[in-house]
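Participant: Chains as they are written, first to last, in this note's numbering: chain A, 1 to 228; chain B, 229 to 456; chain C, 457 to 744.
Among the hints, erroneous ones may be present.
Said to hold, decoys possible - In silico EDC-like cross-links for lysine to aspartate or glutamate, where the CA-CA straight-line distance does not exceed 16 Å: (1) B/K233 <-> A/E72; (2) B/K389 <-> A/E72; (3) C/K638 <-> B/E312; (4) B/K233 <-> A/D53; (5) B/K372 <-> C/E694; (6) C/K609 <-> C/D623; (7) C/K736 <-> B/D368; (8) A/K5 <-> A/D51; (9) C/K609 <-> A/D53; (10) A/K161 <-> A/D51.
The hints are simulated quantities; they were obtained by calculation from the structure and are not laboratory data.
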Amino acid sequence: MEHEKLKNIVEAALLAAQQPLTLPMLGALFADEEAVAHAELARAIAALQADCDGRGVELVEVASGFRYQVREAVHPWVARLWSERQTRYSRALLETLALIAYRQPITRGEIEQIRGVSVASSIMRTLEEREWIRVVGYRDVPGKPALFGTTRMFLDYFNLKSLDQLPTLAEIRDIEDLEPQLALVAGVDVERTDVEAAAGTTESQGETPMHETGITEPTEERTTEHSA
Amino acid sequence: MEHEKLKNIVEAALLAAQQPLTLPMLGALFADEEAVAHAELARAIAALQADCDGRGVELVEVASGFRYQVREAVHPWVARLWSERQTRYSRALLETLALIAYRQPITRGEIEQIRGVSVASSIMRTLEEREWIRVVGYRDVPGKPALFGTTRMFLDYFNLKSLDQLPTLAEIRDIEDLEPQLALVAGVDVERTDVEAAAGTTESQGETPMHETGITEPTEERTTEHSA
Amino acid sequence: MSTESAQAVAMSPDEGNLAAARVPQQQEMPLAVVRGEPVLQMPQDLYIPPDALEVILEAFEGPLDLLLYLIRRQNLDILDIPVAEITRQYMEYIEVMRELRLELAAEYLVMAAILAEIKSRLLLPRPPVEEGLEEDPRAELVRRLQEYERFKKAAEDFDALPRMERDIDAASAFVPDRQVIKLPPPVDLREMLLALRDVLNRAELYGHHAVAREPLSVRQRMGEVLRALGDGAFHRFESLFDADEGRLGVVVTFLSLLELAKDRLVEIVQEQPLAAIYLKARATEATE
Numbered sequence: 001m002e003h004e005k006l007k008n009i010v011e012a013a014l015l016a017a018q019q020p021l022t023l024p025m026l027g028a029l030f031a032d033e034e035a036v037a038h039a040e041l042a043r044a045i046a047a048l049q050a051d052c053d054g055r056g057v058e059l060v061e062v063a064s065g066f067r068y069q070v071r072e073a074v075h076p077w078v079a080r081l082w083s084e085r086q087t088r089y090s091r092a093l094l095e096t097l098a099l100i101a102y103r104q105p106i107t108r109g110e111i112e113q114i115r116g117v118s119v120a121s122s123i124m125r126t127l128e129e130r131e132w133i134r135v136v137g138y139r140d141v142p143g144k145p146a147l148f149g150t151t152r153m154f155l156d157y158f159n160l161k162s163l164d165q166l167p168t169l170a171e172i173r174d175i176e177d178l179e180p181q182l183a184l185v186a187g188v189d190v191e192r193t194d195v196e197a198a199a200g201t202t203e204s205q206g207e208t209p210m211h212e213t214g215i216t217e218p219t220e221e222r223t224t225e226h227s228a
Numbered sequence: 229m230e231h232e233k234l235k236n237i238v239e240a241a242l243l244a245a246q247q248p249l250t251l252p253m254l255g256a257l258f259a260d261e262e263a264v265a266h267a268e269l270a271r272a273i274a275a276l277q278a279d280c281d282g283r284g285v286e287l288v289e290v291a292s293g294f295r296y297q298v299r300e301a302v303h304p305w306v307a308r309l310w311s312e313r314q315t316r317y318s319r320a321l322l323e324t325l326a327l328i329a330y331r332q333p334i335t336r337g338e339i340e341q342i343r344g345v346s347v348a349s350s351i352m353r354t355l356e357e358r359e360w361i362r363v364v365g366y367r368d369v370p371g372k373p374a375l376f377g378t379t380r381m382f383l384d385y386f387n388l389k390s391l392d393q394l395p396t397l398a399e400i401r402d403i404e405d406l407e408p409q410l411a412l413v414a415g416v417d418v419e420r421t422d423v424e425a426a427a428g429t430t431e432s433q434g435e436t437p438m439h440e441t442g443i444t445e446p447t448e449e450r451t452t453e454h455s456a
Numbered sequence: 457m458s459t460e461s462a463q464a465v466a467m468s469p470d471e472g473n474l475a476a477a478r479v480p481q482q483q484e485m486p487l488a489v490v491r492g493e494p495v496l497q498m499p500q501d502l503y504i505p506p507d508a509l510e511v512i513l514e515a516f517e518g519p520l521d522l523l524l525y526l527i528r529r530q531n532l533d534i535l536d537i538p539v540a541e542i543t544r545q546y547m548e549y550i551e552v553m554r555e556l557r558l559e560l561a562a563e564y565l566v567m568a569a570i571l572a573e574i575k576s577r578l579l580l581p582r583p584p585v586e587e588g589l590e591e592d593p594r595a596e597l598v599r600r601l602q603e604y605e606r607f608k609k610a611a612e613d614f615d616a617l618p619r620m621e622r623d624i625d626a627a628s629a630f631v632p633d634r635q636v637i638k639l640p641p642p643v644d645l646r647e648m649l650l651a652l653r654d655v656l657n658r659a660e661l662y663g664h665h666a667v668a669r670e671p672l673s674v675r676q677r678m679g680e681v682l683r684a685l686g687d688g689a690f691h692r693f694e695s696l697f698d699a700d701e702g703r704l705g706v707v708v709t710f711l712s713l714l715e716l717a718k719d720r721l722v723e724i725v726q727e728q729p730l731a732a733i734y735l736k737a738r739a740t741e742a743t744e
């Protein structure tokens, strides 16, 4: 099939589909006798991606395939099409989701253990209803708790191709560092000195403590710490 | 607002909206201080319409506003996004097809004679609609019955270069298990199975098979053919 | 842990000294003055409206989060938690929640107990031998805090990812006709051949069928020739051959012509010896 026509079909199909399409799915649009090689489809997609330069939409690949999407740059205007739309999620939900994403398969009990609080059923329900997580199995322990994993829809929603593209999980520093401290922990006086030294250092580094920025969420403070 | 940026916003909004947008609706995307005149919007739309030349979609005005839509010319391919596989063919149809392949040119009456039962008209119609058989001539007997033969489409579907690649009738009759025969016959078919098996694998990793989302994915349906 | 014991820990003499020593730096933390007027002296850095005090609980994702907050607020290293001080501040928060009669989640009280236990172990004289082998009582808590902090950070990173609806939207175009089209079912070659075998077996039972031995390509060519003759007119014998097919193709075509003649499907005419040979189909739909 002629390249231009193929491009047109792929463009129209991607815009018509309402969900991402994979190369095999695009290939299935063609009858057996006009079969199109995946390489050809990939070329058509590359050409369509180039055509998006400087436009309001872009053609990206996410976990479940290729899709056209509104560029972030113009999204603020486009978003006015929908005056009220729930796009904020609670920290509890995001933390739960993060645990499932990085630690899958994981049980609800294991999530609660790491977070130190119980996970509301409504959170699990929301995540399942959005089809971001699903039960992938059951742990072979008493009660056979369900193991959760993330879905392709989850990756699609966050504009990701695979779990590898998730932000890297912070490293845990070696806990051995504690040991030298122990020798000093004779009494509260020593401890107090440490506290003050640490606090003093920070002030002099000119970081922005939370109380000065007026940021209300503890979350934000962590951001400061990490950007330091 | 700069013309290019305005174009991008209008394009993105029309593609994101899921319904036609009027000029006032497009105008409402801009805050008071960046208000855009309808004439400007109309110019952006005209430019976007021109950009659609030679593409798979077009920007049209309908009663309720402007919308992008899939062009008529590529619709036959795009329509396959919403296709569904019928269930398998009847034994009678397969027998009829096989007899036509092996005994062509052959009349319907001759098929009925060999099969010992009549052949439903719907079977012949189905095979003709699929373009696997066609009338190649007529027998010079009363009623001038049509003679049927197989087509190139038939060969293509089974990845055969010529009918000689099929086992002979004697081989079919004498050999209990057809497997080894078929291994000889259909080298290409094996290849095809691999492709589809690969597609199937991908799908099974996927969280949301298309049929659950309301769209039937032809690729996946094909997989069942081989697993059958 | 009972109210009494929690307060006992919070108000231990050491803690009192420490709190006093730290007063200058506690200015930004009026929460220290818990026992006074709780409502008016809520921690400013939490910006809790006096009439929405539940926010304290809501602002933290549990005791680990609260602890992290207390540690990070003072820019302390997580590996170097001053347990006594942190415990005191933690208990103050718990107290505020309690005095405001907020329903205190059990996890917060469990953490208070854990902190009290760690602190008491730190205060006890350490065994003189095997110093290096004894684990710091804080180690387990630090491990949990670190682990939780990783995912707290991960959740923040998630929140920063471009996200459908909030930062991006799918683009789609209208499709005039979304009717579902029916695709024919797939056919397995093997199934077709098995069907043929069955029909052959049945046919033999009735003694009607002779197994054909001619190459199937001849049968295929018979159909092609018939179609070529489909107009009902006479065609020159040579015109039915395609030299490009080579010798084998010529043979196949020739055999197919013989079969067609034997089957009385074509008529072969030669006016006189050595003259041109013509063929025509014996029957066509159009001419009859």
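Participant: None of the hints should be skipped; say for each whether it holds.
Facilitator: Comparing the hints with the structure gives:
Between B/K233 and A/E72, the direct Cα distance comes to roughly 13 Å. Compliance with the 16 Å bound is thereby established for this hinted pair. Distance restraint check for B/K389 and A/E72: the Cα-Cα separation of roughly 51 Å exceeds the 16 Å cut-off, and the hinted pair is therefore not satisfied. For the given pair, C/K638 sits about 5 Å from B/E312 by alpha-carbon distance, which is consistent with the 16 Å threshold. Taking the CA atoms of B/K233 and A/D53, the gap is near 13 Å; set against the 16 Å cutoff, the hint holds.
At most 16 Å may separate the alpha-carbon atoms for a hinted pair to count; B/K372 and C/E694 exceed this at roughly 27 Å. Between the alpha carbons of C/K609 and C/D623 the distance comes to roughly 20 Å, so the proposed pair goes past 16 Å and is violated. For a cut-off of 16 Å, the pair hint linking C/K736 to B/D368 stands: about 12 Å separates their Cα positions. With a CA separation close to 15 Å, the supplied pair A/K5 and A/D51 stays within the 16 Å bound.
Our distance criterion of 16 Å between C-alpha atoms is broken by C/K609 and A/D53, whose separation comes to about 34 Å. Distance restraint check for A/K161 and A/D51: the Cα-Cα separation of roughly 21 Å exceeds the 16 Å cut-off, and the hinted pair is therefore not satisfied.
The structure fails hints 2, 5, 6, 9 and 10 (numbered hints given earlier, in ascending order).
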